[in-house]
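There are 2 protein chains.
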Amino acid sequence: MTILETMAQSAKYAERVLSIAGTKEKNQALLNIASCLLTRQAEILEANEADLEAARANGMSDSLLDRLTLTEERIAGIVEGVRQVAALPDPIGEVTKMTKRPNGLIIGRRRVPLGVIGIIYEARPNVTVDAAALCLKSGNVVILRGGKEAIHSNTALSTVMRDALEQTGFPRDCICFVHDTSHAVANEMMGLVDYIDVLIPRGGAGLIQTVVANAKMPVIQTGVGNCHIYVDSEANLQMGAEIIYNAKCSRPSVCNAAETLLVSRAIAREFLPMAKQFLDKKKVELRGCSATKEILGDTVKVATKEDYYTEYGDYILAIKVVSGVEEAIRFINKHGTGHSEAIVTNNYFTAQKFLNEVDAAAVYVNASTRFTDGFEFGLGAEIGISTQKMHARGPMGLEELTTGKYVVYGEGQIRK
Amino acid sequence: MTILETMAQSAKYAERVLSIAGTKEKNQALLNIASCLLTRQAEILEANEADLEAARANGMSDSLLDRLTLTEERIAGIVEGVRQVAALPDPIGEVTKMTKRPNGLIIGRRRVPLGVIGIIYEARPNVTVDAAALCLKSGNVVILRGGKEAIHSNTALSTVMRDALEQTGFPRDCICFVHDTSHAVANEMMGLVDYIDVLIPRGGAGLIQTVVANAKMPVIQTGVGNCHIYVDSEANLQMGAEIIYNAKCSRPSVCNAAETLLVSRAIAREFLPMAKQFLDKKKVELRGCSATKEILGDTVKVATKEDYYTEYGDYILAIKVVSGVEEAIRFINKHGTGHSEAIVTNNYFTAQKFLNEVDAAAVYVNASTRFTDGFEFGLGAEIGISTQKMHARGPMGLEELTTGKYVVYGEGQIRK
Chain A
10 MTILETMAQS AKYAERVLSI AGTKEKNQAL LNIASCLLTR QAEILEANEA
60 DLEAARANGM SDSLLDRLTL TEERIAGIVE GVRQVAALPD PIGEVTKMTK
110 RPNGLIIGRR RVPLGVIGII YEARPNVTVD AAALCLKSGN VVILRGGKEA
160 IHSNTALSTV MRDALEQTGF PRDCICFVHD TSHAVANEMM GLVDYIDVLI
210 PRGGAGLIQT VVANAKMPVI QTGVGNCHIY VDSEANLQMG AEIIYNAKCS
260 RPSVCNAAET LLVSRAIARE FLPMAKQFLD KKKVELRGCS ATKEILGDTV
310 KVATKEDYYT EYGDYILAIK VVSGVEEAIR FINKHGTGHS EAIVTNNYFT
360 AQKFLNEVDA AAVYVNASTR FTDGFEFGLG AEIGISTQKM HARGPMGLEE
410 LTTGKYVVYG EGQIRK
Chain B
10 MTILETMAQS AKYAERVLSI AGTKEKNQAL LNIASCLLTR QAEILEANEA
60 DLEAARANGM SDSLLDRLTL TEERIAGIVE GVRQVAALPD PIGEVTKMTK
110 RPNGLIIGRR RVPLGVIGII YEARPNVTVD AAALCLKSGN VVILRGGKEA
160 IHSNTALSTV MRDALEQTGF PRDCICFVHD TSHAVANEMM GLVDYIDVLI
210 PRGGAGLIQT VVANAKMPVI QTGVGNCHIY VDSEANLQMG AEIIYNAKCS
260 RPSVCNAAET LLVSRAIARE FLPMAKQFLD KKKVELRGCS ATKEILGDTV
310 KVATKEDYYT EYGDYILAIK VVSGVEEAIR FINKHGTGHS EAIVTNNYFT
360 AQKFLNEVDA AAVYVNASTR FTDGFEFGLG AEIGISTQKM HARGPMGLEE
410 LTTGKYVVYG EGQIRK
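Protein chains in written order, with my numbering: chain A, 10 to 425; chain B, 10 to 425.
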């Protein structure tokens, strides 16, 4: 038996304890994790420094270095997140419907944990704590496998959490951490269908594709977002310009940022220069169709077919002038990734048509796509944003980490 | 492009129409399908006769021949099923929650179809109509791939349904039927991840395992049931005997039938002879542990480890004497398939413990496992019984054939 299999077996054992643990006990564990992360922050920061030194030696880019960095302030933020998860209602045990059947059977559907959740993620050490806290609260054992860049930080964070668990009477293995960051071990993890109930990859498109292609257990796909803003002929153009500026520029690296602007031909000549004024503030590179170039001139590069399929994650925006809402919907359903899509319009029927016919996890009227997020949607926390249709779609909070169990109360009923 | 790819592309096109079709229109199509199945039953029965002749020539067993056979009465039953689906509430468009956020955004979660659903099934032609009706009602395009034994019947049934669709203004390809019953085409279907959103295998364990192992898209596992009845030390023994008799003998071939009887040691000597009296009525073959043999004598065969993992689907029952509810729960969680599990007891706390700790889609107190079924649970219809935890667990009705879409109504909100 490999090290990983032994760990997975311990995870299954821990599942039996955690799946039936009380809310009070889980919250105590979470609050103790929060306290211990604070009292032991020196060793966490020291471990993080080791990761940062190695990263700098390997020439890691500034933006990735920033993601990897922990500070006292950031640890305080992570700790606050754990406390917030403790304060959220426990989804486990809730009966979502209950009926009495004509034969007297009382049938209820009770929320229960999924079981053991595997998380494969990249360089951000905060995921280690966020994911562990959400899984713990929802009664799921987690097996964490982070990127090699953050191995020292993640080891320190998971050790603190496991110690804190033990202090509150839970098995340490309610939170399992895979120390080996090799591809071989990630691949082995994707095959452990008898131990891991669900695998959630968090990271770039490459990681997600690898996991989807290779995992033997169910996977929840998260976070690929090629999002559009469509500005309709009957839009408030000022609102349209503010929305595309916010959706593109407030945080271009995230999945709910806009990548393509679609503009109705009827208002393109008036709207595009307005939008450009906003986008120029962040020096956004524009790649447009011929109609866009005709209006905005040679500062606009030519958009290729490829551009319209690309999630830039950067200050780059593709633009296309379309004939109207029909073409916009067709274009979005063809090029989009089913994440978040928005229309700006004053017309009631156009808005309804867009909401009805665009196929995505979140469809907006007159708002920025940047709101697709567990906190913004009121879920309290988020383990990722599902872009698939099965099980969960859109921001995934605690409820999305559960499944159902029918509980049936009888009085000796047999089936005729 | 292969024939199947062309069909799948047409399915995707039909999806655009069906996914936004009104309830009234879908119901009209269903009622027209019901009428046409009746008025054209002669050609359906003729096609079925061709299948039956071939099956008899190939030496098909009587029970399989029975499953394959259509009669006027059976067609009437199938038609009644379609009418019942038409009468069920439309799940599509329902908003399952809607909130207003502090920033004024109104966020609702709307039920929408999954998209294109593939069904791979075996020899029962009624599945062709049942599955098509449920998918149509829930706004999903279906691609049906039945077994070669029923190819003539299925072709006739799907042709009638497609004609009926067209008469009511829907694309024929809302119901697609794969004429080629080769394994090569089934395998090709499992790879069409760009066209088929979900694959549901319906049939024996072999079919289900093949689909789970090979499908590139999400699969919903259905119908493998190694179910247990545990008769506790504090049980009403008469009730226990009636329940095990019902769970084993009322229809042994189905997935919610019991395969193993667990008996508390404290009442084994009194209970097992009572249970045997019932089971002898159907000449059930008993395979027991040594304690069982000691009580019931040499008519009981020795149960091997293998027996406790087997879904017999026949008049065979494995028996094990256990020390109490703790051992029963451990045994069930180890050997069960997470389908349906029951305890017979008068003790409140033992009942609650069993409900809490057994990990299965449906857990019963004092009732037969045979009730795990969409109709019995009040879902109105059923496309299968999911034994997985993701997306749907237990009987799957119309709601389980849907996913969600967040619709967000704004007034120009941008994210800070």
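If you are wondering where the hints come from, they were derived from the structure by calculation, not from laboratory data.
No residue lacks a Cβ here, since even glycine has one placed at the ideal position from N, Cα and C.
A few of these clues could be false.
To be verified - Restricting the straight-line Cα-Cα distance to at most 30 Å, the calculated cross-link-like pairs of lysine-lysine (DSS-like) are:
hint: 1; chain 1: A; residue 1: K225; chain 2: B; residue 2: K290
hint: 2; chain 1: B; residue 1: K33; chain 2: A; residue 2: K343
hint: 3; chain 1: B; residue 1: K425; chain 2: B; residue 2: K109
hint: 4; chain 1: B; residue 1: K21; chain 2: A; residue 2: K225
hint: 5; chain 1: A; residue 1: K285; chain 2: B; residue 2: K343
hint: 6; chain 1: A; residue 1: K314; chain 2: B; residue 2: K21
hint: 7; chain 1: B; residue 1: K291; chain 2: A; residue 2: K425
hint: 8; chain 1: B; residue 1: K106; chain 2: A; residue 2: K109
hint: 9; chain 1: A; residue 1: K285; chain 2: A; residue 2: K310
hint: 10; chain 1: A; residue 1: K362; chain 2: B; residue 2: K33
hint: 11; chain 1: B; residue 1: K225; chain 2: B; residue 2: K21
hint: 12; chain 1: A; residue 1: K106; chain 2: B; residue 2: K314
hint: 13; chain 1: A; residue 1: K292; chain 2: A; residue 2: K302
hint: 14; chain 1: A; residue 1: K225; chain 2: B; residue 2: K425
hint: 15; chain 1: B; residue 1: K109; chain 2: A; residue 2: K21
hint: 16; chain 1: A; residue 1: K225; chain 2: B; residue 2: K291
hint: 17; chain 1: B; residue 1: K291; chain 2: A; residue 2: K343
hint: 18; chain 1: B; residue 1: K21; chain 2: A; residue 2: K362
hint: 19; chain 1: A; residue 1: K343; chain 2: A; residue 2: K362
hint: 20; chain 1: B; residue 1: K225; chain 2: A; residue 2: K21
hint: 21; chain 1: A; residue 1: K225; chain 2: B; residue 2: K302
hint: 22; chain 1: B; residue 1: K225; chain 2: A; residue 2: K106
hint: 23; chain 1: A; residue 1: K310; chain 2: A; residue 2: K292
hint: 24; chain 1: A; residue 1: K292; chain 2: A; residue 2: K314
hint: 25; chain 1: A; residue 1: K21; chain 2: B; residue 2: K362
hint: 26; chain 1: B; residue 1: K21; chain 2: A; residue 2: K425
hint: 27; chain 1: A; residue 1: K21; chain 2: A; residue 2: K225
hint: 28; chain 1: A; residue 1: K109; chain 2: B; residue 2: K362
hint: 29; chain 1: B; residue 1: K314; chain 2: B; residue 2: K290
hint: 30; chain 1: B; residue 1: K314; chain 2: B; residue 2: K302
hint: 31; chain 1: A; residue 1: K425; chain 2: B; residue 2: K33
hint: 32; chain 1: A; residue 1: K362; chain 2: B; residue 2: K425
hint: 33; chain 1: A; residue 1: K314; chain 2: A; residue 2: K291
hint: 34; chain 1: A; residue 1: K106; chain 2: B; residue 2: K106
hint: 35; chain 1: A; residue 1: K33; chain 2: B; residue 2: K106
What the hints assert, rightly or not - Derived, one-sided and incomplete: chain B residues facing chain A with beta-carbon distance under 7 Å:
hint: 36; residue: I116
hint: 37; residue: C258
hint: 38; residue: G421
Numbered hints the structure breaks, given as an ascending list | Hints 1, 5, 12, 14, 15, 16, 17, 21, 22, 26, 31 and 37 not satisfied by this model.
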